[in-house]
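Visitor: Each protein sequence line maps, in turn, to chains A, B and C. Residues 1341 to 1649 in my numbering are what the first sequence lists, from first letter to last. Residues 42 to 365 in my numbering are what the second sequence lists, from first letter to last. Residues 96 to 400 in my numbering are what the third sequence lists, from first letter to last.
Calculated directly from the structure, the hints in this document are not laboratory data. Certain hints may be false.
Computed far set for chain A versus chain B, every beta-carbon distance over 12 angstroms [said to hold, decoys possible]:
1. Leu-1366
2. Ser-1398
3. Leu-1564
4. Val-1635
5. Pro-1641
Taking lysine-lysine pairs in the DSS-like style, the calculated list, with each CA pair at most 27 angstroms apart, reads [to be verified]:
6. B:Lys-115 <-> B:Lys-76
7. B:Lys-154 <-> B:Lys-52
8. C:Lys-132 <-> A:Lys-1462
9. B:Lys-52 <-> B:Lys-345
10. B:Lys-115 <-> B:Lys-245
11. A:Lys-1462 <-> B:Lys-121
Keep in mind the model is a prediction, meaning the values are calculated, not measured. Positions of the beta carbon are idealized from the N, C-alpha and C atoms, including for glycine.
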Amino acid sequence: MARHSLQRLLGLIPTLLMLITVAFLLMRVAPGGPFDSDKLLPPDIEANLNAKYHLDESLPQQYFRYLGQVAVLDFGPSIQYKDWTVRELIAQGIPVSSTIGLAAMLLAFVLGTTLGITAALKQNTRADYLLMGVGMLGISIPNFVIAPILILLLAVYAGWLPAGGWDWGIASMVLPVVTLSLPVTAYIARLTRASMIEVMHSNFIRSARAKGLPESLIIRRHALRPALLPVISFLGPATAAMISGSVVIERIFSIPGLGSYFVQGALNRDYTLVMGVVIFYGVAIIVLNFLVDLVYAWLNPRVRYDQNR
Amino acid sequence: MDAPAPLLEVKDLDVGFDTPEGEVHAVNRLNFSIKPGETLALVGESGSGKTQTAMAILGLLAENGHMRGQALFKGQDLLKMTTPELNRYRGSEIAMIFQDPMTSLNPYLRIGKQMVEVVMHHQGRAKADARTRAVEMLRAVRIPDPERCFRQYPHEFSGGMRQRVMVAMGLLCAPDLLIADEPTAALDVTVQVQITHLMSELRKRSNTAIILITHDLGVVAGLCDRVMVMYAGEAVECGSVEQVYYDPKHPYTQGLLDSVPRLDRPEDTDLVAIAGNPPNLLALPEGCKFRDRCPRAFEACREKPPMQLTEDRHAYRCFLGDPK
Amino acid sequence: MTKIADIQAIDPFEAALGVSDVKGRSPWEDAWHRLLKNRAAVYSAFIMAFIILLVVFGPMLISWESDFTDWDYTSTPPSFASGHWFGTDSVGRDILVRTLEGGRISLMVGLVATIVSLLIGVSYGAIAGYFGGVADRVMMRVVDIIYALPFMFFVILLMVVFGRHIVLIFVAIGAINWLDMARIVRGQTLSLKNAEFIVAAKACGVGDWDIIRRHIIPNLLGLVMVYVTLIIPQVILIESFLSFLGLGVQEPMSSWGALVADGAQDMESAPWTLIVPSVFLTVTLYCFNFIGDGLRDALDPKDRL
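Taking the hints into account, I'd like the entire structure generated from these sequences.
Guide: Spelled out as structure tokens, the structure:
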């Protein structure tokens, strides 16, 4: 197990390097330097600026300097928000974004697996068809379609929930969290159903039945873990999906999270901010994938043991 | 000799499956019984209904399956029972060993846990007690270092070892009836012999009756008291091993025996395959089901032959040898 | 002639295996029958065909131009009287025409970007799978690495850095989505290469080209088809996501995502501006997902339960 983790950890390095390198190169090939403004700067001032931001060094020098900065999460100053560094902006957005993300992930996992298992155990009944039809709808309706519609219905017409904003109150969290988790919930439900059905038809479940164990025990002890393994490995991609979903959700609900900064930065061509957020997101996805991988290995004796021998 | 009451008596068992193409008749009007401690072999080609017979007895048919008839186990009809009622018998009084040891054990649970749960559930024993019993059974099936095996996962074992575990698991609660569905089919030949020996040895020690489902006539000869040959969901011949092997009455049984090499015949005896294919289970022919492949079929075979019974309890379903 | 000989040769085996009454139906026919039995997929296919026809020919049949601003009817609700069946937006543009023309862009992006990802994915996967060994390991390691990157954000980054060209959108989205395809094609090629029926065909002296034509391609085709139908909605979704954020296609061009964004602005006063494009987008994605699902079930009966 320890060796497995270590191997995986080392495997992250090329991915991280790739991420940073691509970001760095994109930054350099961008038409016009990041400090170009509409007005032409006098040459000596431009030279000064270039010197200040080390743009006068050779490309490899700049690259290694950048690597060093990224290692301490120093992405430089934001171009748009002059008084802030990108690191400060990111640090501001994290608590909000991660709260929404974690809540949505938890909801999606609990609700998705419950619905999926229910559908699987009632396979080919009306309840199953209904759940799966609705599930497909959940997968197909984009976040940015369902969010305004829910705002229209529950906030504008019914007036039950605020249409947007963020005050750390439960009411302001409901709609963003629900809309963010919806597609992932639906996907997890379908995934769970398929794998649960497969597991329930497997030979070892037949053996368990032949042993005279009650059905509830068979489901809990014998079927649940193998049925949930595919869901666990989906949690990695789900994280990525949630992060990109959060970008649009935060914008729709005017939530001051990372995603809002990201979109603002993208629309205003705030290179440093966009780059910083992309790298941060990348690192977050990579790290979470790694954790998911560990959980998977821990749940699956075949991986857990084979790696050790 | 006064015969003891049968342990299991199957009467007029029908098993069918609904498929998009129509109903598949897997087992048709099957009758047999087995006495305590007896070993009965169900022999036949794939698709002859032997596995589905066992599944029906234990209530393990696939969802599209249905059954009719009776299976009286100690006088109680298993086919009428609900799943919770059946669960009192499954694993405790009737145990089953499946064909494929590679997939029949739960790969995510330690072997010990999978064994202990049977004892704990059926006999309400404490964990430590159940563990002692499990290790004892693992030792009985001659698994080296049973204590260690107890803590291991199925994937750490070979097919033969896993089948030993399955046998041990089946015998944990000292069942009165053990149903073994092709227990050696998925194994190497040398391992097959070991498992067969193991089963015959365990049978001698306990008084467990065994229904052995197989297409391997060699395994039958070494292990069984009686043989029932099945064809297209019907019993075509039933008798003691000696009767069926040395005096087969049904042409299908004769065909089966001619298609396997035997040491008790001259070396240059040709092996003969049975021509043709088993009938389509979706549309079974009237009359004798073996008629189309039978080298000795005649006009009367258009009618369904009744079961004939000789004086020494050798039964067969064929007009040949009919006293009339 | 060889066929009869083959059948006769197989007969005793079948007898031994107890295979009874094998019906002569090709796997493709089988798949087709299974697909037709999947009602959700069949209905979806019809609805999808209808939407495509509507999007392609609809704008020609409607008398309004998509950029015509009807000042007499700004933010009018759907009505037959005004001639704007699905209403107008805040500057009096006809919602139906705009939605249909936006659909052209959305569907085109879906098609072109899918082809891009198909070309990259299939050739990459096939090469890795066919050559195997070190080449395969290196190529798949690269895929793994790229896979872990937040690609959606790189597309946005590309948009920010290079400006928003429609061609760039096609290419960028296509370039994200080839990874799945590459993995799948590679896996299938690898298993086909070592499959017993391929080895058997080789042993019987069947030529390389015939093996590729008769065995490899048909076995890859189904899988690729399934993934194409599943990639199309993904691609449409990504494009509308970008357009919704204002990072995709730009005025005067429009797409469903951009229209949903516009509609969301005005939804309190004119909810139809949100609902009409939302319905088109959702129904399209829904149908594609069902078709893809149906195809997968039909072509891969292993997963069918």
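Visitor: Decide, hint by hint, whether the structure agrees.
Guide: Results for each hint:
1. Leu-1366: Given that every Cβ of chain B is farther than 12 angstroms from that of Leu-1366 of chain A, nearest at about 44 angstroms, it holds.
2. Ser-1398: For Ser-1398 of chain A, whose nearest Cβ neighbour in chain B is about 54 angstroms away, the distance exceeds 12 angstroms, so it holds.
3. Leu-1564: violated (9 angstroms)
4. Val-1635: Since the minimum Cβ distance to chain B is about 14 angstroms, Val-1635 of chain A lies beyond 12 angstroms and the statement holds.
5. Pro-1641: About 4 angstroms separates Pro-1641 of chain A from the closest Cβ of chain B, which leaves it inside 12 angstroms; violated.
6. B:Lys-115 <-> B:Lys-76: holds (10 angstroms)
7. B:Lys-154 <-> B:Lys-52: Given pair Lys-154 of chain B, Lys-52 of chain B is violated - Cα atoms ~37 angstroms apart, limit 27 angstroms.
8. C:Lys-132 <-> A:Lys-1462: Measuring from Cα to Cα gives roughly 21 angstroms; hence the hint holds.
9. B:Lys-52 <-> B:Lys-345: holds (18 angstroms)
10. B:Lys-115 <-> B:Lys-245: holds (22 angstroms)
11. A:Lys-1462 <-> B:Lys-121: Holds, at roughly 23 angstroms.
Hints 3, 5 and 7 from the earlier list are contradicted by this structure; the remaining hints agree with it.
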